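Novice: Quick note, the sequences are listed as chains B, P and C, same order. Take 1 as the starting number for the first sequence in my numbering and just add one per residue. Take 1 as the starting number for the second sequence in my numbering and just add one per residue. Take 1 as the starting number for the third sequence in my numbering and just add one per residue.
If you are wondering where the hints come from, they were derived from the structure by calculation, not from laboratory data. Treat the hints with care, as some may be off.
As the list claims (entries may be wrong) - Not everything, but these chain C residues come out facing chain B in the computed CB check (under 10 Å):
no., residue
1, Arg24
2, Leu32
3, Glu135
4, Gly169
5, Ser271
6, Leu438
7, Gly759
8, Ala762
9, Leu763
Said to hold, decoys possible - Covered stretches of chain B, as calculated for chain P (at least 3 residues, CB under 8 Å):
no., region
10, 136–144
11, 174–183
12, 323–334
13, 366–373
Just so we're clear, the structure is a prediction, and the values are computed from it rather than from any experiment. In this text, a Cβ means the ideal position worked out from N, Cα and C, and glycines have one as well.
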Amino acid sequence: MNTLLILPLITPLMVAAVSFLVWRRKAWQKWLSVGGACMSFVWACALFESVRDGEILTMQAGGWAAPFGISLVADTFAAVMVLLTATMGLAVTIYAVRSIDERRAAFGFYPILQILLMGVTGAFLTGDLFNLYVWFEVMLMSSFVLLALGGERAQIEGGIKYVTINLLSSAIFLAAIGFLYSVTGTLNMADLALKIGALPASLTAPLSVLFLVAFGVKAGLFPLFFWLPASYHTPPAVVSAVFAGLLTKVGVYALIRTFTLIFAFTDVDVDNLLLTLAGLTMVTGGLGALAQTDARRVLSFLIIAHIGVAVMGLGLNSTRALAGTIFYLIEDVIVLTNLFLIVGIMGRVCGTFELARMGGMYRTHPMLGALFLVPAWSLSGVPPFSGFFAKLALVQAGLEVEAYTVVALSLVVGILTLVAMMRLWAEAFWKPSPYVVDAAQDKMQTGKMLLVPVCALSLMSIGLGIGAEAVFGVALTAAGQIDNANGYIEAVLGVRR
Amino acid sequence: MIVMLAFVIGGLYAAGLYMMLRRSITKLIIGLSLLSHASNLLIFTTGGLVRARPPIIADGATEIIKPFADPVPQALVLTAIVISFGVTAFALVLLHRTYLTIGTDDLDDLSKTDLAQPERNG
Amino acid sequence: MINAVISIFALAGVAPLIQRFAGRRAGLLVALLPACLTVYFASYAGVMMRGESVTQRFAWAASLGVEVKFYLDGLSLLMTLLICGIGSLVCVYGGGYLRKHEHLGRFYLFLLAFMGAMLGLVLAGNLLVLFVFWELTSITSFLLIGFEHEDEGARAAALQALIITAGGGLLMLAGFVMLGQVAGGNYDVQALLAQGDAIKASSLYVPLLLLIFVGAFTKSAQFPFHFWLPNAMQAPTPISAYLHSATMVKAGVYLLARLAPALGGSVEWTSIMTTTGALTMIVGSVLAFYQTNMKRLLAYSTIAALGTMVMLIGTGSEYAIRAALVFLLAHALYKGALFMIAGIIDHQTGTKDVEVLGGLRKAMPLTATIAVVAGLSLAAIPPMFSFISKEMLFEATLDVDSNAGRFRLILTAVAVLAGTMFVTVAGLVAVRPFFGSLKVTPKVAHDAPLEMWFAPALLAVAGIVFGCMPNTVTDRLIAPAVAAVYPNAAPMELALWHGLNVPLGLSVVSIVCGLVLYRAWDALRTRTKWTQGFSRFGTEGMFAAGGELIECLARWQTAILQNGKLRIYLLVITGTTIGLTAYTMRRGGITFPAANFFRTDVKFYEVGLALLILAASVAAVRSKSRLGAVAALGVVGYGVALVFILFGAPDLALTQFLIETLTVILLVLVLYHLPRLKAITGKRARARDLIVSLLFGALMTTLVLITASVEFDPRVSDFYAAHSLPDAHGRNIVNVILVDFRGLDTLGEITVLAVAAIGVFALLKLRPQAIKQRAKRKRRQLKPLKTTTRGEESPL
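Modelling step: build the complete structure from the supplied sequences, incorporating the hints.
Specialist: Written out as structure tokens, the structure reads:
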């Protein structure tokens, strides 16, 4: 039963290891990855099924009882995120099969992608703070390599900022772990939750801020997000897609874990701080998106704007708000991955990502247009797509506690997103192409294989809207577990707080 | 000694950050290395210091004699050292590559991917 | 009802296929379903007359308050009949109008999707479900306005309409959520209507009312949001006839009428709505006068008409509600017909400019006849149905709360102004193109084919028939609708002839004035053309300027924030860290370690070591040569390793020595290829960086001191010490931790190292061709590898 916790980690590792052994056989690596991604997906589904009703699975690595060994923990929230990771992993792997060039494939693109997914999964499942650092590094290292593979000037330039800023954040994270260990003598997150309660807030509050900064950088919060718009649009679409969908969300996940489990003391100050940062993140991201003239850059800034919305739910700090955040994360992962994949196809068709030079696809690629509109509207919070319900939950939660400013900002961000997305649509699809293009040739360039994951993800956006009740139910279960950490602590340590 | 080391750590952080804030790629690398030294030393120090009592159970003994240095921070630092070596090595090659590709070691020249309207004359 | 909505959406999905296979007959085929639905809904009229309602429900997202509840009462019935009835006519008409258009299939798709959304909107018995359909109408409208997508004007108009209506919709959502919270988390419309007094007593009443108003006013093109509607005339004419006159723009009016029992009756409600409605009537009437494009003429008169309805609902008397609903029906009939006529003229002659049209009655006799009948309706000449509605309008304005006598007069005057303008517009659209001498048009005019004239003819005739037998209509449609808005309404009796009274007099006045204005239109318009210069101070200009301002702000803030300078990014991030930590420390109070914590014994060689490390790090910073800096870095690393040795960590020290040596070798190898160090930044920048760096260092020192002074809980390390030998069979506890207790970390660590190795390998090997060449070129240029061009010393 509890092997379910280790399988999603071991599978990509094995795939990567075998891929390294068959280094010269690119086709083998490719199909091994697809197979591995399918298997991870199955494990993740099984894991999700076993915890969706609110059970918490734990596994003590090496058999050493918590808090002495490293605990792997899957509560509903973690399982949802793992499932999302596996789903996106499968989608991007399939997309990569047809879109990644031979040179990248020759330098281990597929195994490194698997390791990236393993790092992300590990970060979601671990119940140990230092282990979280290790998974972060696994994830970062493989993302560095994925970003820099290819070595174009833009990738190098973006890569430097990405690497440097993330290393700074890792250094802060590491320091924060050191401080926390020295005052509690433990690294297990459930154990930390117990110990922190006994310490004075004057000691823990500054430490919590260090975590806020470290994870805020990864999540792309204002004013720490600079690395994101500098780098996310530079690698191939499939890499951007997996970054956009998952990496920032790991930051948000870590923020949620840190501030609901470890620093669960109800310090209103930190909540207000989070709300302020969330508001500023929304505005700067939304406005940033308006100022862009490149399709991928527009999306990069929208990632930031919507991270703000997700963190808003954490700042509001009620079960309903957290459920809204979880729903929002689910939607955001799917939609942003999808948008980057679609924009990737659009770029292939038009030969550019510059909005001014795109166009004419309404006539030549109506299907792609329809596939674009679904995530675009979902991201903007237009009903009946999934984004609307997530936003609705957050608005309800926000108005309940009379946080009018941040609710207003979240609505404004919806409008800004809608403007940015519909402008992109008008430019790329409606506007006649500035060039004389041979439509028949364009159709060939799209490639049916690329549309498979895109279709699947768009259908998911619609499905999550139609099945909003079920999704929100899961989100409420997860939020309930997060909001009342006793269940988590008991599952890991076997004692009550 | 903790007090002394606290200042050493602060000094290392300050020096590392200052180096990272320069415009030169070379200084950036050195800054990053200083920063990782600072982090390692920090974990080691805050775990508590015990002079010359390594956490090793002597041959023949069945248990360790107290006091002994806390083995946990040591293990953490060992992991962190290796990880940061990997990362630094990669960063080093990346920065070297940057220089080859772009032909400058001035970080301020690397602003193309950030600006909304990229210059077209590059 | 649910099946009706679903069937429309399903038909929308297959409409492009129908178009592909049925060709010309597709319009008729597609129109069948809405026509059947018209009959289906009409069959409920009897139920409605008995004052009953029909409800269907199923859960959707119940925990969010979204329960799909469909509710049919008199008001929804009136709207559904308009939607399905006119909808089926528009399908037929659109099939003729766009016969040769390459995207006709998509036209049916969007049109039917809109129809489904609109049906859902008026049937929704839950506020949030209503909102879902509300936004759906906005986005389908967006797709339809931009239908002629290669025209830049159409794209801009589509975006503008979407921003205004969807934006207003989002604010309305906030209003809905507040309303639901006031009502205890209940979003059921009927339940809300029963809680009117509690809602009005709530402190949130005014904000939620304003938010809902914004939603309704944007959708129904009320001043100051009216301008999107004339611009939306970029849509194909069938769309203008359907969405932008008969149905969608009435959604706001519908919503206000629907919520009137819950929200209405307060001072805020009455004053805001009557003022907005009256202003809209004035703006629409005045601006209509200056239009020469038939569709824009009609659009502005639609704005005035919508203003009339909002004003009437705002005044809230039983009579006003009745007048509003009669007007809503009459307006939908004649305005739909007139838009279709305008479309026929445009389609057949190639222009819709009334100035270049004239004398078409000979070439298009049928069209001319229909136009005149519909025009008589717009001008509210008896025996048209609209004449009755006009009479009722005047009566309602004269009837307004008699205490506010002045207010009553103003409203009546505005109503007369609007009535006058309707007459003028009717003359311009329905008379002028057909009479007088024949003018040359881009295309030689012929009468339209059957599928195009059938729909307007039916609507125009309905205007006469309803006018002649008003009570048949009101009993079945209007009275149940009024009952939904104004419970306990008295039975009503309508007639064309009310006797000689003030409303009749006002009707005559407006008709006469309208005719005078029509005659003097050319002269008056040209003579007062200068006033058009003021239009840029209008609300559209303000919105455009606002949009421009936001875009400027966006560009400015992005240029400031995302400035491309890595060091500034790092500075901001560390600055934030320092600032936030200092903030929480200041708020939480900080407990420094006790004095005896500082009085620990220190060996002299330890002090020396500490000083050595510090000195080496300063040297690394200050070094002017690459090798010097690397050497200093090496000293720091070895110094740290010595600390590890002194404090019982031999394994650590060993690793540190090894790694440091490797790093230094690597650095020397790489740095050999990099240029020499130079001080490029200015003094001020250096001072600033130094201060931030020292603050950061000080922060870390402080935190080390504070945390180290807290008593340590050795539970975990004691466990390791106790279990290392017996359970894990290792004497070196650190090693046991690495390979056993925390083996997972080591697994991750090895993975990182492996990936890093691949990355290094790839970066060294994988070079794009272009880069390789550029690098070669650069190297040739820059031999010997020394410096690159740099800007002047900058303060940053």
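Novice: Take the hints in turn and mark each one as holding or not.
Specialist: Structure-based check of all given hints:
no., hint, in the structure
1, Arg24, "violated (22 Å)"
2, Leu32, "violated (25 Å)"
3, Glu135, "holds (5 Å)"
4, Gly169, "holds (9 Å)"
5, Ser271, "violated (24 Å)"
6, Leu438, "violated (36 Å)"
7, Gly759, "holds (4 Å)"
8, Ala762, "holds (4 Å)"
9, Leu763, "holds (6 Å)"
10, 136–144, "holds (count 4)"
11, 174–183, "holds (count 7)"
12, 323–334, "violated (count 0)"
13, 366–373, "violated (count 0)"
Hints 1, 2, 5, 6, 12 and 13 from the list above are not met by this structure, while the remaining hints are.
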